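A.B. asks: Below are the chains, spelled out letter by letter.
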Amino acid sequence: MRTKPWVLLLAVVPALFLAYFFVYPLITILYTGLVPDGRFATSAFVEIVTDPTMRSVAWFTLWQAFLSTVFTVALGLPAAYVFARYRFPGRSLFRSLTLIPFVLPTLVVGVTFLAVLGPGSPFGIDLRGTIWAILIAHVFYNLAIVIRGVGVLWEQIDPHIEDAARSLGAGRWRVFREVTLPLLKPAILSSSALVFLFSFTSFGVILILGDLHHSTLEVEIWRQATAFLRLDLASALAVLQLVGVTAILLVYGKASKRTAGELPLRPSFEVARRPRTAGERAFIAATLGMLGLIVITPIGVLIVRSLNTPSGLSLTHYVNLFNPPRSSAIFVSPVDAIGNSLRFAIPAVVIAAGIGLMAGVVIVSAKGRSGRIFDTMLMLPLGTSAVTIGFGFLVALDQPVDLRASAMLIPIAHALVAIPFVIRSTVPVMESVQRRLREAAAVLGASPRQAWREVDFPLVSRALAVGALFAFAISIGEFGATSFIARPSSSTIPVAIFRLLGRPGTFGEAMAMAVILMVITGIAAMGIESMRGTRSGGV
Amino acid sequence: MLQVSRVTIRFDDTPALDGASLTVADQSIHALMGPSGSGKSTMLRAIAGLEDPDAGEIAWDGRSVLGVPVHKRGFGLMFQDYALFPHRNVAGNVAFGLRMQREDSATIRRRVNEVLELVGLPGYGDRSVGTLSGGERQRVALARTLAPHPRLVLLDEPLGALDRSLREHLLVEMRSIFNQVDATVLYVTHDREEAFTIADRVAIIRDGRIVADDTPEDLWRRPPDGWTARFIGLENLCTASRLTELGVQPPRGTATTGVIPPEAITLSPTGSHTATVTGSHFRGGAYRVELGLGEGSTLVTWSPTGLEPDAVARFDIDTARISWFED
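For the protein sequence lines, the chains are B and W, in the order given.
In this text, residue positions in the first sequence follow numbering that gives the first Met the number 0: the first is 0, and each later residue adds one.
In this text, residue positions in the second sequence follow numbering that gives the first Met the number 0: the first is 0, and each later residue adds one.
Worth flagging that the hints you see were computed from the coordinates, not collected in a lab.
Hints are supplied without guarantee of correctness; some may be wrong.
[As the list claims (entries may be wrong)] Label pairs and their calculated CB-CB ranges:
| id | chain 1 | residue 1 | chain 2 | residue 2 | range |
| --- | --- | --- | --- | --- | --- |
| 1 | B | Pro457 | W | Asp217 | 45 to 55 angstroms |
| 2 | W | Thr196 | B | Lys184 | 49 to 59 angstroms |
| 3 | B | Trp451 | W | Arg62 | 22 to 32 angstroms |
| 4 | W | Thr304 | B | Asp162 | 48 to 58 angstroms |
| 5 | W | Val299 | B | Lys184 | 48 to 58 angstroms |
[Unchecked claim] Going by beta-carbon spacing under 7 angstroms, a handful of chain B positions derived as facing chain W:
| id | residue |
| --- | --- |
| 6 | Arg435 |
| 7 | Glu438 |
| 8 | Ala441 |
| 9 | Leu443 |
| 10 | Leu458 |
None of the values given here were measured: they were computed from a predicted structure.
Built from N, CA and C at the ideal position, the CB exists for glycine as well.
With the rest of the complex left out, here is chain B (with noise of 0.2 angstroms):
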């Protein structure tokens, strides 16, 4: 069948958001390099490989990404490895817990392990601008990715293989080093090469915790354009950036389609069991020890510290932040910021689930190719950096009209972000709705619209609603992107954290501030988990 007309008239809106909103920055931000005076030239670009500094910027960004993937895995497979096999009281629990993570705001993990980690740490060191605090965040970071990404395949592998191994002859770590590791590659690929991704275009954690002495080509693609003006320079470092990140992504795809190749291993029987032997125990122990080591104790510590005055435990930074006292370098009302962030992340999501949604419908009706270049075009947005994204607003949409003033750039910016989470929310959902069901509407005497708004609609709108909440949490958390576009009257949340952090004296407030984002963060993302854990099942 081709694809339907109507099909393609519903294909234009995302296409020409996607268009105007990403292609045409992107292509500017090329331009700005290349042809920086009018003319074609290279100076950019050899200065990058030239200058000692932007050497060793682009030197450090490959390899802090490179340690932070090996130890996020080296600590991901052990917990992978726990929760894919292991029943033990508080085994659901832990697991989301060392989701929440994930779902917090670079910003707020960078305030988090500068509370740990930094000046007036609890364990009384400062490793702040070192190597070993932009790694340990990474790490917390994103050990969800390794923990999800390799123990679903994990939960996949009938431990009957391994058995067959042991029987033949292979001793413990024998059958993990043959048999084990191998079925898992792909997964371990693909979560590396996003785990890499994420730490090669890390920006907030880096801006606060690498203080100036580390930086990477995102915080030096925003160095060079907010605070030296180098459009060209920051254009030549977003490009090699993009080079970059297009080949991170060909390794995750490759990676992740030897993943989806179905492994006919599925076993019959719940995999997961109680821990027999003491051994099995003690691992678990460590294992859920180190667990609570890494994600829960700098949690605790943000918010012990927030609390923390010189005249002991209270509110003071709390209350400061919404009456600000007369004295304080506060200039942004923070309450005037949570007002921003909410006010934003209202027509961000409609924009993201609107333009999501119409994606969707795209993705799943159009036949063969045409679907699936659309869907890979509205993917990519996911990949580029935040900072490439609202760097690319600052050059480009000045023409037809001038946008950069409007405060609409702020809300389309976090939607741009966000569509990626609606299309990969609803999409398998709609894809899911039977044929039959359709089917069955159309000869009960369902026209084909009836039958959307009858069965489909009904079907996909949780799915929707999730991707709504991806969107608000996008949007409430963004900073990349915001850091550029925003003005001091539209200043967010995360934007508000990071002038606290650059004031001396304010950093109570700073991480009072960074309590509220992690909670209303953490609202939204309990939200999704529970609307993912009852959907209905099928019949």
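Got chain B; can you put chain W on it based on the hints?
C.D. replies: Only chain W this time, still in chain B's reference frame:
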């Protein structure tokens, strides 16, 4: 009356239906029986309007329905997996077709109760379909199909997902339901017992073509060819020469094969034929006895008592009941 004439449907150049023709008379139950992959489900989907024929004609009362979209054909289709709407309760599922016909809510309520009563699920309206057993789901799907008074009821392996004892029970019940509402029914199945129990006529489909269409009795007595005879479960297919050896004279013409119904073979100590017993198995009620005729060919018959393996058995054949065809 439904008339399907020389319908062909190709999927990627392989024909799923290859010039299939079929007529279903008003208020009759017609079974369409064939092995998997024979095209029986495609036939049903084409009649419902879910597949477009590449060639041929589908008409209702002499008027073509090919240009009519699915939702306006007025044919009901019950799916093998039922395809109940998971987001609606039992009443919501059954009422769906009536709502599409824009019936008023009082009529809908009355009809839903009536149909639920008919299928033996009175008072089930508020139940969630997720809580129903397999048999209950089957009944809800049937009620949903019947509720809008379809002029033709299409059933795709409606009992396929159920276990044997439930199947037999529901089969009898369905037949009485269809007779009560005077429905015109096309019933697709691969199961001979099902087809023979429920249908007034049985059509056999093979490789996208209808190869036989007759009453169950005549199909059993006079199968048109060897494939059909074997497919409906007839045993004792013998070549003409083998039958000649048994003293049976083949009729004049082109017939090459004859079927001896097991009930045409009588075991008796004074029988005129002899054979070695190669098998004797109790099948509930009677023994299924295999008689070896040498060279690997056997005849099957039924006996109230078991026979010793390798014993010599004598039997008679009622030659009048042998059916002949070209194979």
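A.B. asks: Which of the stated hints cannot be reconciled with the structure, identified by number in ascending sequence?
C.D. replies: none
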